[in-house]
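S.K.: Protein sequences, first through last, are from chains U and H. Per the numbering used here, residue 8 is the first one in the first sequence, and the count goes up by one each step. Per the numbering used here, residue 8 is the first one in the second sequence, and the count goes up by one each step.
Do not rely on the hints blindly, as some may be mistaken.
You can't tell identical chains apart in this list, so a pair holds if it fits in one copy or across any two.
Derived lysine to aspartate or glutamate pairs resembling EDC-like cross-links, with alpha carbons at most 20 Å apart [stated by the list, open to error]:
(1) K254 x E122
(2) K136 x D167
(3) K136 x E165
(4) K172 x D142
(5) K136 x E168
(6) K204 x E279
Since the hints were derived computationally from the structure, they do not count as laboratory data.
Protein chains: 2
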Amino acid sequence: MATIVVHSQTSPVQDAEALRLAFKGWGADNKAIIAILGHRNVHQRQQIRKAYEELFEEDLIKRLESEISGDFERAVYRWMLDPADRDAVLINVAIRNGNKDYHVVAEIASVLSTEELLAVRRAYHNRYKRSIEEDVSAHTTGHLRQLLVGLVSSFRYEGDEINAKLAQTEANIIHESVKEKKGNNEEVIRILTTRSKTQLVATFNRYRDEHGISISKKLLDQTSDDFQKTLHTAIRCINDHKKYYEKVLRNAIKKFGTDEDGLSRVIVTRAEKDLRDIKELYYKRNSVHLEDEVSKETSGDYKKFILTLLGKHD
Amino acid sequence: MATIVVHSQTSPVQDAEALRLAFKGWGADNKAIIAILGHRNVHQRQQIRKAYEELFEEDLIKRLESEISGDFERAVYRWMLDPADRDAVLINVAIRNGNKDYHVVAEIASVLSTEELLAVRRAYHNRYKRSIEEDVSAHTTGHLRQLLVGLVSSFRYEGDEINAKLAQTEANIIHESVKEKKGNNEEVIRILTTRSKTQLVATFNRYRDEHGISISKKLLDQTSDDFQKTLHTAIRCINDHKKYYEKVLRNAIKKFGTDEDGLSRVIVTRAEKDLRDIKELYYKRNSVHLEDEVSKETSGDYKKFILTLLGKHD
Chain U
8 MATIVVHSQT SPVQDAEALR LAFKGWGADN KAIIAILGHR NVHQRQQIRK AYEELFEEDL
68 IKRLESEISG DFERAVYRWM LDPADRDAVL INVAIRNGNK DYHVVAEIAS VLSTEELLAV
128 RRAYHNRYKR SIEEDVSAHT TGHLRQLLVG LVSSFRYEGD EINAKLAQTE ANIIHESVKE
188 KKGNNEEVIR ILTTRSKTQL VATFNRYRDE HGISISKKLL DQTSDDFQKT LHTAIRCIND
248 HKKYYEKVLR NAIKKFGTDE DGLSRVIVTR AEKDLRDIKE LYYKRNSVHL EDEVSKETSG
308 DYKKFILTLL GKHD
Chain H
8 MATIVVHSQT SPVQDAEALR LAFKGWGADN KAIIAILGHR NVHQRQQIRK AYEELFEEDL
68 IKRLESEISG DFERAVYRWM LDPADRDAVL INVAIRNGNK DYHVVAEIAS VLSTEELLAV
128 RRAYHNRYKR SIEEDVSAHT TGHLRQLLVG LVSSFRYEGD EINAKLAQTE ANIIHESVKE
188 KKGNNEEVIR ILTTRSKTQL VATFNRYRDE HGISISKKLL DQTSDDFQKT LHTAIRCIND
248 HKKYYEKVLR NAIKKFGTDE DGLSRVIVTR AEKDLRDIKE LYYKRNSVHL EDEVSKETSG
308 DYKKFILTLL GKHD
């Protein structure tokens with residue numbers, strides 16, 4: 008379930024005018040910006056952007072970028088983009104950041120449904136005049152390239168069928184590969200990038216039944232290079248993306264100085280989807296509320312905005 | 008331009024009833040079947056199939072399969088399928104036939120536009136409850152797998168932009184790889200499977216300018232293993248698919264006993280698209296008309312049907 012508190016029966020024109028007013032004078036009225044945009048769903052935000060363009064012949068997103076700054080700006084900018092376009096931007100930034108951020112590419116490609124990923128590939132064409140796989144493969148080599156290109160190019164079947172025998176065979180292949188460490192990465196890549204998620208979860212369950220440990224925990228024991236880290240991310244996102252996001256939030260908050268990029272990414276992309284479930288997982292795992300931790304670790308307008316997306320009442 | 012002579016102002020219901028009549032008694036009236044289906048475009052054929060199902064509660068394609076046989080049946084069956092579904096079937100058959108037919112997979116993936124290939128991937132899900140890449144990768148290994156999976160998973164950008172510097176760099180990469188024979192296949196695969204077709208043609212042109220020979224001719228001199236053969240097919244299909252098809256037809260006809268599968272595939276899949284251009288190329292290259300060659304090399308109802316698709320007047 009979502010966390011944001013959407014105000015219904017709003018008018019895009021009135022919202023656009025109120026935002027224009029908030030931009031007046033020296034320094035924007037950030038409180039007003041948050042009060043409006045933090046309580047509108049994706050459809051409403053698109054309508055506001057359209058109305059603003061029509062009324063003032065100016066792109067609202069560009070104006071926001073010039074009015075606000077820092078983490079607050081980055082979070083609002085991402086919030087304002089259409090979800091597929093936002094993911095295209097996140098992937099592009101991650102590719103340009105190199106191996107430090109390849110987990111973001113694997114995360115997006117593995118969490119999204121087949122049609123959602125396709126929409127991101129289309130958005131990437133429109134925005135960058137290139138394909139995702141073109142940029143990913145130009146920046147990587149070897150098995151890491153094969154894995155990342157396979158993940159972003161996948162068009163997975165989404166039926167419920169499970170082939171139990173195949174799950175057994177492929178759990179064994181994964182086991183052999185992980186055990187040897189220098190194992191048959193190509194087969195692991197094939198399995199991870201082509202099988203349906205339903206089938207993969209069956210394979211991961213089979214692995215756990217046989218070896219008494221989940222494949223992702225097993226990999227964690229050995230994680231060393233970028234390939235294995237990326238593999239680990241993909242497996243966790245396919246297996247249980249909410250648990251994965253809980254951990255991203257935990258790491259972002261625990262980190263010295265807080266990892267605002269990770270924090271914003273999860274909150275902005277999941278606020279309208281399943282952030283409430285992720286918040287509950289966070290509380291179960293850490294015995295503290297996510298909002299309280301965010302309150303402690305962030306400040307200013309960024310803090311207010313993130314807490315609004317987390318569903319905190321004003 | 009297309010070759011088939013489409014009769015307009017036909018009625019799907021009348022066509023369905025005429026086909027039903029053609030199936031009556033012992034042995035179908037193949038002449039009637041050809042006279043109807045050989046002169047209907049893809050939309051009309053879909054309407055006939057629908058009307059037939061509604062009138063007689065029977066699938067027209069299944070009925071056709073039971074009424075006719077051999078090469079004629081296979082060609083009519085493929086003709087009756089929706090183009091994306093037909094390509095899904097062709098790919099599936101090719102995968103099951105193994106290395107003998109991988110060029111068909113490469114051909115379809117490389118000739119189709121981005122959206123057409125996507126439609127085939129969807130049709131494959133619907134028909135086989137798996138993804139193309141899942142089946143391709145389960146039957147192949149190593150560089151051949153990487154190349155084929157890359158081709159069928161590609162979602163190429165289709166803009167007109169050309170990066171001349173990139174074309175130069177990547178022409179060199181391809182040259183080095185081809186020269187060494189045991190060269191850097193991974194880079195060649197990356198280039199072939201991710202760049203836009205416009206960019207790739209610029210790269211191939213650059214190669215020819217520098218080395219006085221086209222990359223596909225150069226590869227042909229050395230062609231040995233399945234990987235290089237598949238690479239060769241992909242390059243030819245991207246560079247000039249009409250010329251490629253002309254050669255498939257030439258080889259199919261020259262072959263002892265004729266390669267009906269190749270002949271039918273090209274004629275059925277291109278009859279509504281650009282088979283007239285391919286016919287002209289055939290005449291230019293061979294100084295004989297394609298129809299005359301087909302007449303000599305085939306027989307019976309199969310021959311009549313293929314010649315009808317080639318635009319021969321009854």
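S.K.: Each hint should be assessed against the structure and marked as holding or not.
M.R.: Checked hints:
no.	hint	result
1	K254 x E122	neither (26 Å within a copy, 37 Å between copies)
2	K136 x D167	between (35 Å within a copy, 9 Å between copies)
3	K136 x E165	between (29 Å within a copy, 8 Å between copies)
4	K172 x D142	between (37 Å within a copy, 16 Å between copies)
5	K136 x E168	between (37 Å within a copy, 8 Å between copies)
6	K204 x E279	neither (23 Å within a copy, 38 Å between copies)
Hint check: violations occur at hints 1, 6; the rest are consistent with the structure.
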